[in-house]
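> Taking the hints into account, I'd like the entire structure generated from these sequences.
As numbered in this note's numbering, residues 22 to 204 make up the sequence shown, in order.
For the record, the hints were derived by calculation from the structure and aren't laboratory data. There's no promise every hint is true.
[To be verified] Pairwise CB distance ranges, derived in the manner of DEER restraints:
| hint | residue 1 | residue 2 | range |
| --- | --- | --- | --- |
| 1 | Asp26 | Pro146 | 24 to 32 Å |
| 2 | Cys59 | Thr119 | 19 to 27 Å |
| 3 | Asp203 | Asp33 | 36 to 44 Å |
| 4 | Leu180 | Gln54 | 34 to 42 Å |
| 5 | Gly153 | Asp184 | 21 to 29 Å |
Remember, predicted model here, so these are calculated numbers, not experimental data. The C-beta atom is built at its ideal place from N, Cα and C for all residues, glycine as well.
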Amino acid sequence: MVHADSSNFASDITKEEAYKQVLEQAEALFEGQRNWVCNLANTASLLWHAYKSLPSPSAEVNWTGFYVLDNKKPSSSSSTPKPQLILGPFQGKVACQTILFGRGVCGTAASSKLTQLVPDVEAFPGHIACDGDSKSEIVVPILSGDEVVAIIDVDCAELSGFDVVDQRWLEKLAVLLGGACDW
Numbered sequence: 022m023v024h025a026d027s028s029n030f031a032s033d034i035t036k037e038e039a040y041k042q043v044l045e046q047a048e049a050l051f052e053g054q055r056n057w058v059c060n061l062a063n064t065a066s067l068l069w070h071a072y073k074s075l076p077s078p079s080a081e082v083n084w085t086g087f088y089v090l091d092n093k094k095p096s097s098s099s100s101t102p103k104p105q106l107i108l109g110p111f112q113g114k115v116a117c118q119t120i121l122f123g124r125g126v127c128g129t130a131a132s133s134k135l136t137q138l139v140p141d142v143e144a145f146p147g148h149i150a151c152d153g154d155s156k157s158e159i160v161v162p163i164l165s166g167d168e169v170v171a172i173i174d175v176d177c178a179e180l181s182g183f184d185v186v187d188q189r190w191l192e193k194l195a196v197l198l199g200g201a202c203d204w
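As structure tokens, this is what we get:
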């Protein structure tokens, strides 16, 4: 199969079927490839095209991508810098470049190691508005062993754009990514 064909989704599939295809295609694309940049880039594309093949609210996803653990060296002014995420591969408008652990939806998911399912981002304390069009968000931490190495971040231009189906499948994807990449 041509790699680009991995991003083709039928227009009449259910959300469950789309996520199942994302996981199957991701596994096939990861075979023999452990580079996290490559694997996250392909996964961002798979997710983007899957959401765009579905009815609203999924079709209203306006950002899908990743933030990864920033392994920068401590500066001379601080010997123990606060952990932060740095922008990784994505689909959508340009985004915030770094996010401290504990800040916003992404930083909260990273520091707590728990999925954040947010039906209304305006109601989330400390939400970071990278794109004013985003109304809801889901963020899933990716772990390697016990450590957060990245997060999956998906934004939607509609309120309540995500549900437990999204959470369940994105958590499966996070497990796959955690083991499929050399972090």
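> Hint by hint, say whether it matches the structure.
Going down the list of hints, with the structure as the test:
A beta carbon spacing of about 43 Å between Asp26 and Pro146 contradicts the range 24 to 32 Å that was offered as a hint. Between Cys59 and Thr119, the C-beta spacing of about 22 Å keeps the proposed range 19 to 27 Å intact. In this structure, Asp203 and Asp33 meet the distance hint of 36 to 44 Å, their C-beta atoms being roughly 38 Å apart. About 37 Å separates the C-beta atoms of Leu180 and Gln54, a value consistent with the hinted range of 34 to 42 Å.
Between Gly153 and Asp184 the beta carbons are some 23 Å apart, a value that agrees with the proposed interval 21 to 29 Å.
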